[in-house]
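Residue numbering for the sequence shown follows my numbering, starting at 1117 and increasing by one per position.
Among the hints, erroneous ones may be present.
With beta-carbon atoms standing in for the labels, derived distance ranges [said to hold, decoys possible]:
id, residue 1, residue 2, range
1, Thr1384, Asp1314, 54 to 60 Å
2, Ser1398, Ala1173, 39 to 45 Å
3, Asn1425, Pro1515, 16 to 22 Å
Once the Cα atoms are required to be at most 30 Å apart in a straight line, the calculated DSSO-like pairs of lysine-lysine come out as [to be verified]:
id, residue 1, residue 2
4, Lys1190, Lys1265
5, Lys1215, Lys1307
6, Lys1127, Lys1190
7, Lys1129, Lys1599
8, Lys1587, Lys1513
Honestly, the hints are just simulated from the structure, not real lab data.
Heads up, the beta-carbon is just placed ideally off N, CA and C, and yes, glycines get one too.
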Amino acid sequence: IFGGLSLSQSKQKQSSFFTQEYLKKGVEQKQSSHSNERYRYNFFIPSFGVNYNPNTAHSMGLRYRGNINTNNTKIWNIIDVINTGSQYQVVQFSEAQNKGSNHSINTYYSGVLSKYLSLDLNADWISGHIDKGQKISYQEISDDGLTTKGLSDYSLYAAKGVLSYRMKHGVLETGGEYSYTQYLQSYSTDKPEIGIEDSKDKSLQHRAALFSSYSMRIGKLGLSVGLRYEDICISYYLNGTLNKEQSRIYRQLFPNVLVAYNGTRTQTSLSFERKIEYPTYSDLRSNVQYSTPFLYESGNPSLLPKIANVFTALASWKDLQVMLGYTINENDILQMIRTYKGKNIMMSRPENVKKTQNTNIGISYAPVIGLWRPQLVVSGMWQWLDLDASYRQEQYKSPLFSIAFQNTFSFPDNWILRTGVMWNSGGYQGITYGKHSWQINLRLSKSLFQQKLWINLTLNDILKTSTSYWKMHFDDLRVMQEKNMDSRYMMLSISYRFNPAKNKYKGKQSSDELNRL
1117 IFGGLSLSQS
1127 KQKQSSFFTQ
1137 EYLKKGVEQK
1147 QSSHSNERYR
1157 YNFFIPSFGV
1167 NYNPNTAHSM
1177 GLRYRGNINT
1187 NNTKIWNIID
1197 VINTGSQYQV
1207 VQFSEAQNKG
1217 SNHSINTYYS
1227 GVLSKYLSLD
1237 LNADWISGHI
1247 DKGQKISYQE
1257 ISDDGLTTKG
1267 LSDYSLYAAK
1277 GVLSYRMKHG
1287 VLETGGEYSY
1297 TQYLQSYSTD
1307 KPEIGIEDSK
1317 DKSLQHRAAL
1327 FSSYSMRIGK
1337 LGLSVGLRYE
1347 DICISYYLNG
1357 TLNKEQSRIY
1367 RQLFPNVLVA
1377 YNGTRTQTSL
1387 SFERKIEYPT
1397 YSDLRSNVQY
1407 STPFLYESGN
1417 PSLLPKIANV
1427 FTALASWKDL
1437 QVMLGYTINE
1447 NDILQMIRTY
1457 KGKNIMMSRP
1467 ENVKKTQNTN
1477 IGISYAPVIG
1487 LWRPQLVVSG
1497 MWQWLDLDAS
1507 YRQEQYKSPL
1517 FSIAFQNTFS
1527 FPDNWILRTG
1537 VMWNSGGYQG
1547 ITYGKHSWQI
1557 NLRLSKSLFQ
1567 QKLWINLTLN
1577 DILKTSTSYW
1587 KMHFDDLRVM
1597 QEKNMDSRYM
1607 MLSISYRFNP
1617 AKNKYKGKQS
1627 SDELNRL
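Could you build all of it, start to finish, from the sequences and the hints given here?
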């Protein structure tokens, strides 16, 4: 029998500068916003379970996990608006109170049925509720302001079974999974004159899959091949009426193959995988959400799932590792910006792009030199993205690079010092360009009483150099945001292990549908 309880309260503050520009000839406008933001988060997370192992061949168990959370956000916003021949200012104060809760149960059985045959069964149930309320007022307006309310309720049932058969040179696995998801979302405002309609949508989804794979090893060579078939049926209801355009059925095959060589000091592998990534239910919502008088956010019920074709090569020699990857994405999902109903109001929403490509590379070197264990990781990502705007083709091709240099020093008397420097270059992800950023971190650890007592001191972003700066551009729209975050902090943690024991719970997530929730 096992259990746990976590309670936390955290506060955060940040300031930001946000600019929106409309460059269309004749209706040019610029909106510059300075905001001060305060956040407060509360979490209560209980968990408990039972694990039963009658013998070495069989194991079964059940685990419950809850999450009850509230958060409060206060934003003071000064917006300067400049357009042809005029200039004015809007002072906005908004307060948001969000409440959420979810409860989940996982249960499993893992058993060896014979010398060659084994079976794994997993099942999940989850239910959740989200309540988002926002109150907005303006300094120059004496009325009651604007109130918005968003509600979400969801539930999921999922099960997965895998049968494994051991052969002379390999293992054959076959199985299936099924999930049923229900997701309800609503959004309303008390001021219909702002042009945002109240909405209520419901998604019902049945998802089934069959899969099989075979892995074998002969000497230093290894081979793995697999095939997955997915059948998914989505029924989408808008304001209580079935919307046939957004209700869809998908039936597709997803193969994967891997070839590997395992030498004494050298390992290499080549692989291909075709996989599907469904949009989150938040991305599929129909409502338009109010942020400021000039910025709205929306979901997109018409989104198609993204399909990724991933080619990967890995190689390692002694302490050196190299990875090279190339991905072709079909119906990629990108966050886009548009004007709302022809007004000088910008709306951000996810949209499908028919095809994108990207290449990534990673190099890691991690030797051991006495008490010192350095690790240098260098990585890069290039994307090929061209989008057709109204009067030209937009290109987003600046690569992204990152460098992480981590150092661990193991001193006598159980003292451990860890230092790290991380740097990210400027570059594009989708249509968003992020500015370069870097930071230095340090952690000092000491263990006592035969490693039962641990004391850790952490210093994060010591020089306060970590920044958040990004900009988006598409067609005649430009957006830029720069945040000053409280990323520099010191943390002291003390933990004592009374009777350390290995967790024997073998339950696994039965479906990636849980991630979408």
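Comparing the hints with the structure gives:
The given range of 54 to 60 Å is respected by threonine 1384 and aspartate 1314, whose C-beta atoms sit roughly 58 Å from each other. For the hinted restraint 39 to 45 Å between serine 1398 and alanine 1173, the CB-CB distance of approximately 43 Å keeps it satisfied. With their beta carbons about 21 Å apart, asparagine 1425 and proline 1515 fall inside the hinted range of 16 to 22 Å. Straight-line distance between C-alpha atoms of lysine 1190 and lysine 1265 comes to about 16 Å, which keeps the hinted pair within the 30 Å bound.
Restraint check for lysine 1215 and lysine 1307: the C-alpha separation of about 23 Å stays at or below 30 Å, so the hint holds. For the hint pairing lysine 1127 with lysine 1190, the CA-to-CA distance comes to about 12 Å; that is within 30 Å, so the pair holds. A C-alpha spacing of about 11 Å is found between lysine 1129 and lysine 1599, which places the hinted pair at or below 30 Å, so the restraint holds. Simply put, lysine 1587 and lysine 1513 have alpha-carbon atoms about 14 Å apart, close enough for the 30 Å limit, and the pair holds.
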